[in-house]
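There are 2 protein chains.
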Amino acid sequence: MAKVLTPRSESYSQWYNDLVLKADLAENSAVRGCMVIKPYGYAIWEKMQSVLNRMFKETGHVNAYFPLFIPKSFFSKEANHVEGFAKECAVVTHYRLMNDPNGKGIVVDPDAKLEEELIVRPTSETIIWNTYKNWIQSYRDLPIKCNQWANVVRWEMRTRLFLRTAEFLWQEGHTAHDTKEEAIEETKTMINVYADFAEKYLAVPVIKGVKTANERFAGALDTYTIEALMQDGKALQSGTSHFLGQNFAKAFDVTFTNAEGKIDYVWATSWGVSTRLMGALIMAHSDDNGLVLPPKLAPIQVVIVPIYKSKEELEKISDVAKKIVSKLSDKNIEVKFDDNDKKKPGWKFAEYELKGVPVRLAIGTRDLENGTVEIARRDTLEKNIVAIEGIDKYIIDLLDQIQNNIFTKAFKFRTECTTKVDNYAEFKKVLDEKGGFVLAHWDGTPETEQQIKEETKATIRCIPLNNELEDGKCILTGKPSKQRVIFARAY
Amino acid sequence: MAKVLTPRSESYSQWYNDLVLKADLAENSAVRGCMVIKPYGYAIWEKMQSVLNRMFKETGHVNAYFPLFIPKSFFSKEANHVEGFAKECAVVTHYRLMNDPNGKGIVVDPDAKLEEELIVRPTSETIIWNTYKNWIQSYRDLPIKCNQWANVVRWEMRTRLFLRTAEFLWQEGHTAHDTKEEAIEETKTMINVYADFAEKYLAVPVIKGVKTANERFAGALDTYTIEALMQDGKALQSGTSHFLGQNFAKAFDVTFTNAEGKIDYVWATSWGVSTRLMGALIMAHSDDNGLVLPPKLAPIQVVIVPIYKSKEELEKISDVAKKIVSKLSDKNIEVKFDDNDKKKPGWKFAEYELKGVPVRLAIGTRDLENGTVEIARRDTLEKNIVAIEGIDKYIIDLLDQIQNNIFTKAFKFRTECTTKVDNYAEFKKVLDEKGGFVLAHWDGTPETEQQIKEETKATIRCIPLNNELEDGKCILTGKPSKQRVIFARAY
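Protein sequences, first through last, are from chains V and H.
Residue numbering for the first sequence follows our numbering, beginning at 12 and increasing consecutively.
Residue numbering for the second sequence follows our numbering, beginning at 12 and increasing consecutively.
Just chain V, same shape as in the assembly:
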């Protein structure tokens, strides 16, 4: 069968585009930079949402919904935020269309101009803190721990499906606290939630760390991040959690009376992950045959393909297959029996490989005689003949093994692609020839960071949490440094 994907070795970026399209995950829409998330892709996103939603609720958060539009003036209220967010964005200026007086379709009604333009939210700190102002009077009203699932728009010039699109789906948590300590604690709790989710569900190992001032969220005092490594050696920022200090409370005048009766500004955090995680999932595990999905996020975990020559054979196989379906469904395993008569087994095998279904069962008449099935696992492409008796337990174990194996493989790859370097020549050589995370000393200044970025396209991904302290010299300036930071070229 002809390969449907460009091999990764030929062009990693073409392979990615091919895969997103061919596996029916997403496609570009008629609106520049906006994607259509197709049912199969959306089903994976829904699984992510469901797990994250549970994790958020377990850590004491509730969902709410805030407006899509933000008055332009709100952005000007927080000085750094306006620099970071109020530039490339969709601006609503009018609220009515009319028939073209010249009879050519419809045109914007010039009389329906808004007094103040509205911005389609690129992130919601401003509108939410303007709302929280009315919810908070006393320390008894705190903490507030809201999350919202929403679409946001950032007018990106260069877009790539899931990784960078003008509109994307995400969740954004916004919390309000009476003390600095509690807000910092919340920021850390959420980066830990994200790291757990990435490692246990996406099966993507991540490094937790703090961003440098250059890479901080606009308006934050500290940005925590989880950084993942893709198969092409580039980093992908996969989730961030921001300690916002009192910046937004001051910008929107949100004060509270503390237990001692004194008035103070409220402390804030915000944190988010987006459909970008779909990109991480795809790029971290998949191969030249298609997607490789971790079982915990696979919309179909097991597919059963019958191999038959006649209607009678199919019927016999169906009897057995349906019993297996029922057994697995009882154990909450999502299983599909594909008895579509219009497609051949070979086509189905390739299709489910492309779609990353973790486990495939093939059942032929000889299997029936022997009381066995053929089981193929997507991650290693290994096949085994297995007894039907006790198959549910076998598959539950296998799904666990696959989940673990995918993670272990990604972890091993990351370990191999993490390099300590001690001078700038070596730094550039590793970036060009090997890629991956490069651990190097840095003098701590934004200027050095900026110069390295301009010269090598590598950025500081983060300063890892609980980083090992080690005396060294900045690779660019030779100035003293106390720890290595993680550099990489990134998406």
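It cannot be assumed that every hint is accurate.
Because identical chains share one entry, a pair is satisfied inside a single copy or across any pair of copies.
Here are the simulated lysine-lysine pairs, DSSO-like style, with alpha carbons at most 30 Å apart [stated by the list, open to error]:
no.: 1; residue 1: K333; residue 2: K88
no.: 2; residue 1: K199; residue 2: K144
no.: 3; residue 1: K366; residue 2: K191
no.: 4; residue 1: K420; residue 2: K191
no.: 5; residue 1: K359; residue 2: K261
no.: 6; residue 1: K261; residue 2: K307
no.: 7; residue 1: K342; residue 2: K68
no.: 8; residue 1: K359; residue 2: K468
no.: 9; residue 1: K124; residue 2: K98
no.: 10; residue 1: K58; residue 2: K490
no.: 11; residue 1: K156; residue 2: K355
no.: 12; residue 1: K353; residue 2: K68
no.: 13; residue 1: K33; residue 2: K273
no.: 14; residue 1: K420; residue 2: K219
no.: 15; residue 1: K219; residue 2: K439
no.: 16; residue 1: K211; residue 2: K342
no.: 17; residue 1: K307; residue 2: K431
The hints are simulated quantities; they were obtained by calculation from the structure and are not laboratory data.
Quantities reported herein were computed from a predicted structural model and do not represent experimental measurements.
Start from chain V and add chain H according to the hints.
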């Protein structure tokens, strides 16, 4: 305790506004016409989503996501659709802001004008059919049955929380079929799904029917609707399902090769319900004390309030309460034990009444001695002393009873507020003095319908499905009619 709500008898609309705000369901935002859905309101919406999502999946639908923005020209492609939807909407004209050259905050960058304006979707038929064009070649690609959960914007001048807001949340299903019959079947299936949901979950009885041409969705050949009656005698359209014929397929040139090898246009449906259902839920059941929630959609189904004088008493009560919580949680009942020491029992009673929690347990020390608790039901406000032994079964039964009772009460109200009238004077008298659904003969012309609407503000809500045929005369023109239709003043 002072009543927090304006009584319904004094002002129904003020009562509604009070209730939405005081029960923490939603509030107006800083953006005109856009609401903030607060955590308690959103929790109810999430429950609705979860049930509907299951019902959609059971009827063979999958979720997907399409762009927020629609190119202006797309609206002009379907003649009726442009009249209905491309008028009052949010128009994005620019994609960048810049610092004001005069130093006054930020302004729209005049150089960043879009070549073609983008409309924030008021509904997604156009962008979706433009997408389906690429998904459909042959009858083998059909049916396509996608749903999306999304926000939409219609620039309403007069807004009311949940009932009519500029931005609202909804789901919109969009299906594509190879035959007219299958599309009509789908349209009916979905109005039945909506009716089931309304009656079994919202506990709101609805009349299923077809809209007249005047009231049809812009671009539809037929619009099916479910119509509910609120306590003030006004109707609320609660869900619609549209048979779109081949209108959108023709507008976007979506053809397919049928089984005989001939090329034809694809048949379409669309259907949706929105956060307006929150309005229906609130207005159908609630009373002057607050919300009355049907147990199946209540975020908290049972609340336990301890009545105690000392810490020791609270501890003893807590032991018992926690056992009850655990028993009920095991049965998937959402239960809250409110041991907040800062609020008095009386305050808690009023609060949970306001929030519509279906069942309240109060436990005092005397109850412990007797092995009983006091159970109050929200719908009838009745209280009973019940043995702790076997309380889980008692509560499960009670929740069922409450769900049924709320529906029965609403059904009885609707029956009482449905009136057959045979002349125009009586028609107007009933509308003014009694309200409700008015069953009357109509000559079938849009002109008569329009005149009645102008003179009485009553519209034809629907022609009921399986309507009884009966010869009669139009209340306005005296012309012959074969059936009664349902008139009402509506939200």
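Which of the numbered hints are not met once you compare them with the structure shown?
1, 3, 4, 5, 6, 8, 10 and 17
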